[in-house]
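> Here's the letter readout for the chains.
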Amino acid sequence: MENFRPWDAPDTFGKVALHPSALQAHLEQWPLKLSRVSSVSPYFHRSHLLIAADCTAYSCLYFHQAVLKHRLLTICCPDMEAERLSSKIMEIISANDILSIQIVRMDAPCCGKLADMIINAVMRSRKDIPIKITTVFAEGENVEGGSGEN
Amino acid sequence: MMLEKNFNPWKNFENYSHEMFSQMSSELVQWPVKLWKAPIVSPYYHKAHLLIAADCSAFSYPPFHEGYSKGKIPLICCPETDFDIMTKLSRIFLNNDIQSVTLVKMDKSCCHGLTELVMQAVKSSRIPVPLQVSTIFVDAEDME
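Protein chains in written order, with the working numbering: chain Z, 1 to 150; chain X, 1 to 144.
Hints listed in this document are in silico derivations from the structure and should not be mistaken for laboratory results. Here a beta-carbon is modelled for each residue, glycine too, at the ideal position from N, C-alpha and C. Any given hint could turn out to be false.
To be verified - If you want the footprint, here are the derived chain X segments under chain Z, 3+ residues with CB under 8 Å:
# : region
1 : 26-37
2 : 64-75
3 : 84-92
4 : 121-128
Said to hold, decoys possible - Below are the DSS-like pairs computed for lysine-lysine, each with C-alpha atoms no more than 27 Å apart in a straight line:
#  : chain 1 : residue 1 : chain 2 : residue 2
5  : Z       : K132      : Z       : K69
6  : X       : K37       : Z       : K113
7  : Z       : K69       : Z       : K88
8  : Z       : K113      : Z       : K127
9  : X       : K72       : X       : K47
10 : Z       : K113      : X       : K88
11 : X       : K70       : X       : K123
12 : X       : K70       : Z       : K69
13 : X       : K37       : X       : K70
14 : X       : K47       : X       : K88
15 : Z       : K88       : X       : K37
16 : X       : K123      : X       : K47
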């Protein structure tokens, strides 16, 4: 990797996959988990964010081709991490220049807070960020409740 | 793959890929997929091949479904944010007739403890269950 200088051209930083191959995920940054990612990151600069629930890649066969292309991915579980998540999302939106946000959530009730949190954060930041919400429907039989019976 | 400079996500249908409307099933058998929400006893665990995956693994490896998930019951967890992975797993192994366990984790440091946790859970069940561990390597810059 010769002369990799990300701060020389911040507008296009991260927009080129370093070693493109057929199996390569369209990932630019690590970590993926929203609670672990750093709030200020050169990858967020003028990026199209994709905030996905953890379960979506396992429920959606063509996740990478359908929604991930051209977008910066972060994942989270809104049910487990609700409080941490809302403050983190606020930090990221206010500290960086985000161009758009796409939210991918499951149809399960535990994903309900995700869209609300993100919309609130965008409204509070008073920035003009378009938001799109995609819902993935899970086909597995719901055995939640501990006993295996509904 | 170069990201287009003029990528406008809001132009209707111009950047909806064909796969977005695909009817192909992901063949998920049981819901929930998250380990902490999954039941301890379930009809789908009977003689099942479990797939224990780190949250990030399917997002990092596009052919995840054909490679790992097919024919298996996925249970996803994050060793960094989840509590009591080992306890939950031991209970699942003790109460059900599991045929095999496949563990998929990332090469990053936060996934490091996962192998040990799963091995402890398998040992505590005292049933000989074959365990396979796969690691996914990601070539992305670490901005933690």
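> Within 27 Å, alpha carbon to alpha carbon, are K132/Z and K69/Z?
With a Cα-Cα distance of about 15 Å, the restraint between K132/Z and K69/Z holds, given a limit of 27 Å.
> Holds or violated: are the alpha carbons of K113/Z and K88/X at most 27 Å from each other?
holds, 25 Å
> Starting from K113/Z, check that the Cα of K127/Z is at most 27 Å away, please.
holds, 21 Å
> Are K37/X and K113/Z close enough, with their CA atoms no more than 27 Å apart?
holds, 17 Å
> Hint check: K70/X vs K123/X, CA-CA at most 27 Å. Holds or violated?
Holds, at about 25 Å.
> Would you mind confirming whether the straight-line C-alpha gap from K37/X to K70/X stays at or under 27 Å?
Distance of about 21 Å is within 27 Å: holds.
> Checking C-beta pairs, does the region 84-92 of chain X have three or more residues closer than 8 Å to chain Z?
n = 0 at 8 Å, threshold three: violated.
> Do three or more residues from the region 26-37 of chain X put their C-beta atoms closer than 8 Å to C-beta atoms of chain Z?
With 11 residues closer than 8 Å to chain Z, the region 26-37 of chain X meets the three-residue bar; holds.
> At a Cβ distance under 8 Å, does chain Z reach at least three residues of the region 64-75 of chain X?
Per the Cβ count (4), the hint holds.
> Straight-line Cα separation of K72/X and K47/X no greater than 27 Å?
holds, 11 Å
> Please check whether the region 121-128 of chain X has three or more residues whose CB lies within less than 8 Å of a CB on chain Z.
That given contact is violated, which follows from only 0 residues of the region 121-128 of chain X lying within Cβ reach (below 8 Å) of chain Z.
> Check the hint pairing K70/X with K69/Z against an upper bound of 27 Å on the C-alpha distance.
The given pair, whose Cα atoms are some 24 Å apart, holds under the 27 Å limit.
Checked against the numbered hints given earlier, this structure breaks hints 3, 4; the rest are met.
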